[in-house]
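S.K.: So the sequence lines, in the order shown, correspond to chains B and S.
The letter at position 163 of the first sequence is residue 163 when you use the numbering used here, and the numbering goes up by one with no holes.
The letter at position 88 of the second sequence is residue 1088 when you use the numbering used here, and the numbering goes up by one with no holes.
Derived from the structure by calculation, the hints contain no laboratory data.
Values in this document were obtained by computation on a predicted structure and should not be read as measured data.
For every residue, glycine included, the Cβ atom is placed at its ideal position computed from N, Cα and C.
Be aware that one or more of the hints could be misleading.
Just the calculated beta-carbon pair ranges, DEER-fashion [as the list claims (entries may be wrong)]: (1) S:R1243 with B:P113: 51 to 59 Å; (2) B:A6 with S:R1019: 24 to 32 Å; (3) S:A1246 with B:V132: 53 to 61 Å; (4) B:L301 with S:D1176: 24 to 32 Å; (5) S:K1080 with B:P113: 31 to 39 Å; (6) B:E196 with S:G1037: 38 to 46 Å; (7) B:E196 with S:N1235: 44 to 52 Å; (8) B:A6 with S:D1176: 30 to 38 Å; (9) B:T20 with S:Q1136: 50 to 58 Å; (10) B:R213 with S:D1176: 28 to 36 Å; (11) B:V122 with S:G1132: 39 to 47 Å; (12) B:S212 with S:A1126: 23 to 31 Å.
The primary structure of each chain is shown beneath.
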Amino acid sequence: MSRAAAHIGRALATLWLAVTAAFLLTRVSGDPAVRIAGELATDDILDGIRHQLGTDRPLIVQYFDYLWHLIRFDLGKSLTYHTDNLELIGSRLPASLALAVGAMAVAIVVGVPLGVISAARVGSLIDRVVSVISLIGQSVPLFWVGLMAIMFLAVRWGMLPAGGNESLTAYILPTLTLATIPLAQITRLTRSSMGEALSGGFISAGLARGLSRTRMIWNHALRHTALPVLTVIALQAGMLLSGSVTVEVVYSWPGMGRLIASAVELRDFTLVQGLVVVAALVFVVANLAVDLLYPVIDPRLRRSRS
Amino acid sequence: MVDAPVLVGEHLTIVHARRGREPLVAVNDVALDVGRGEIVGIIGESGSGKTSLSMAVAGIGPLTSGTLRIAGTTPGTIWKGDERAAVQVIFQDPVGSLDPRQRIGRGLHELRRVHPRRTSWITDEALFERVGLSSQLLQRYPQQLSGGQAQRIAIARAILLRPTLLVADEPTSALDVRVQAQIIVLLRELREANDLAILFVSHDFGVVRALCDRVNVMYQGRFVETGPTGEVFDNPQHEYTRRLVAAVPSRAGIARRREEVA
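Okay, chain S solo, but in the shape it has when bound (with noise of 0.2 Å):
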């Protein structure tokens, strides 16, 4: 690699305090590293980790210790500013991180008032086909939208603040089949044309596969596995993720199976 990863994370760990019970250890001195251009999966059960370390990466969440680096600086523990809009995210529940109360259009506009510098350099209707959305959006209340256009809307926010590396937790998970693909490919296109950097969260073994360059496979707060996707899934090592493999219908899993009932 060239240029300094986008995201360099180290012994991460992340405990959280429960009420009357010992403490939750989500994430356990984990490593994790994401380049200029690349898309990296993180894929586990729910209760793996996975959601509290990407809030960590992406500095809304608590990070109990461990190193952070993002495009060469270590950010201080309130993110502000730049080192706030250079990694940003998009989250399960699109139509959810839109605020009801407010148009499309005048959300755009409050972002480009709290970050002037980092959103001149596209208008709304340009980052909106950008997205492959129509302009006449900006008119609409979140709740006038489908899953997917809110998704591609979240999408837009994001890239708005021209971050560095983009933290996508279970974007697709909310949405159809026809939609997720539709995503992906925003997703793919999004890598290639802006160098944009993918930390990708999800428990969809088919979306990682697809989109990811590499995977690390979450376990009970620890990556037992991690590599390029292609041999991960193929030679799966760790009895989760051969578990994990296992569980999804392949094409030559299904045959078999129609051959069992006829």
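In isolation and in its complexed conformation, chain B is listed as follows (with noise of 0.2 Å):
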């Protein structure tokens, strides 16, 4: 129990680094008044606008203002779209939801059977194959096979849309682009972990006691990769809720990633400041739920009962 308590407090502390991050990047990036009332305001003008965005108060007492509105899930209102942040940020969530679970899906149907049959012939022409890939998959920037895909697939032969999610055939190029990086991490984490388990004693006993190296393979060593497979894919599903920024944007996907475009460039602090939050918590929960699923997955970790 003191072991998900820990797990839990230092959850929360992340999670208020993260938030305290967001606010004094934002406070760093250039005076919001400024943006709001243009190059040319007076002095007047400008300290009337910081007054009523409270951004003349001390830094010190700002940040209690935004950590005391962040308790009762106030993110403020978006300087831009006048709408509340959190009812914006919401909005635009299901859209990159739908992306995030559709990429990881794809990642871990795809990735973990490769890995695990790399690693059940390692150096055969197919573990090359594979390993060469994953590598490409790795390196290869995310906007490139976009572009490449929609340049392709989209334009010069027009087999699926390039952008927007009004269709049921516009989430395949945007899921497919997502799922690279979180594919060939799965895939070259699977591999070695698997390789590492079929290495064990525990492999050769058991061909030993007659157990097909099939039922080695799946029923024994599998489970041997859970662990690290899980982490890749509770630090992956973080990235992806969070804003898969540049896909959202090389196919103009109505989600958060392009929201947060859009806020940047806005300079909308009070949006920025809110999508980083939301974006922290993504990411805090999937890696708290993976770090309680540890023991459950893997008997070593539990409490001795003996």
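Hints are included, so try docking the two chains, each in its own frame, into the full complex.
M.R.: Structure (structure tokens):
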């Protein structure tokens, strides 16, 4: 029980750090009053706006005011959209969520078996092909993958829509593009942790007892890859959910990622702050869930009952 | 010997290919036999080829050339079903030879599913009693066991399949001396009760002497001396065996050294 409490404590500390960083970074990125009033505004006007925004107060006061609002789930009002930030983010979240879940599903369903197959035949042709492809998948920038997919599949061959999320087919390209990095990572990690598990003594012991190699791979060794793979899934899930900025911009996807891009562009500091807080929350919760799941998956991490 | 020997190996040779270097001849034209109910030792230092040999005999390591007959039949290149079950192995690292994610009882259940006919002769509880363990351990995970308990479980898993030959590769090396002695007693009991033949691989002179009927002294891939354990160790003929015997502190030797110090 105290283990879980420690994890929750650490998650809260992480969240606090992210929240504080969001506050400080938006304060050093320029005066929002100047953006609102324009370069030519007089000092009187600027002071008025600052007073309205509350940015004329001492930083520490602003900080505690911001925390106080956060605790009550109040993310403030957007300076450009003139609506409640929480509502705005909430309206964009489902589109990002759909994309993230789809991409993660593709990455797991394809990545885990690929990793297992390459680990079972280290050095074979299939292993080398998988290694090279996953290395490329991890290294190639997402916007390039997106642009190429649009150029060939959407524009030249007209097979799939290039953007938006109106039709079901519109999900295919962004989902696959977003899946490249987690797919590559899951494949590589499954392969390496599978390789490690397969070299364990209990594998040869099992073979010596007459258990088949297939059984040892899929029933015994695979369970040992669950932990590292789950960790990557959690890390990647946080990344995917909290704004696949590139992919959403490239495919003009109406999700959180595009909202982040425009909020930064417009220097809408309350919105940027709100988005960072929500993203951090998603990230921390995803990782906390995995931390709490570890002992369920691996009996070695449970307290010994003997 | 009335029965045909359990294991007969002739001209056994194992060559390991090495990248960028010339191949390593781990086992060089060795003849090995084990009779029913007999405990035969292979003693040698690390790198002598004893593990390569024992793994090949157990069918989980490569055999480059030579003939191997187990209970009168020649196994194929891939051992399956009964062939596989007929020769069982226990390893040096007892905890490592159990799947850490599997309760002990589940592991036995899995073996019973894979070998339904061979395993129906005994219940889990009776099996555990036979190796001197409480059946409460069936609920445990491997990491909740001591080394001695884990090795007893490895032995239980092996004899569950009613093997005709048990290959034991340094089964006591990772255990402390008191537990070592218990495992040796257990192996001896199993031999008496089940007429089990055991190929016992070790670098430990004392353990081999305590347990084995016959011994093969292995040095650089060959058997340099072979015969009844007592004869070989009391009257070593080969230079290597003599060094091996001399390296063990005997009671007389220790007494002499004490006198020298005093």
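S.K.: Each of the hints needs a verdict: does it hold here or not?
M.R.: Here's how the hints hold up against the structure:
1. S:R1243 with B:P113: 51 to 59 Å: Given range 51 to 59 Å: holds, Cβ gap about 54 Å.
2. B:A6 with S:R1019: 24 to 32 Å: violated (47 Å)
3. S:A1246 with B:V132: 53 to 61 Å: holds (57 Å)
4. B:L301 with S:D1176: 24 to 32 Å: holds (27 Å)
5. S:K1080 with B:P113: 31 to 39 Å: violated (26 Å)
6. B:E196 with S:G1037: 38 to 46 Å: holds (40 Å)
7. B:E196 with S:N1235: 44 to 52 Å: With a Cβ separation near 48 Å, E196 (chain B) and N1235 (chain S) satisfy 44 to 52 Å, so the hint holds.
8. B:A6 with S:D1176: 30 to 38 Å: Since A6 (chain B) and D1176 (chain S) have Cβ atoms about 35 Å apart, the given range 30 to 38 Å holds.
9. B:T20 with S:Q1136: 50 to 58 Å: Holds, at about 52 Å.
10. B:R213 with S:D1176: 28 to 36 Å: holds (34 Å)
11. B:V122 with S:G1132: 39 to 47 Å: With Cβ atoms ~40 Å apart, the hint holds.
12. B:S212 with S:A1126: 23 to 31 Å: holds (27 Å)
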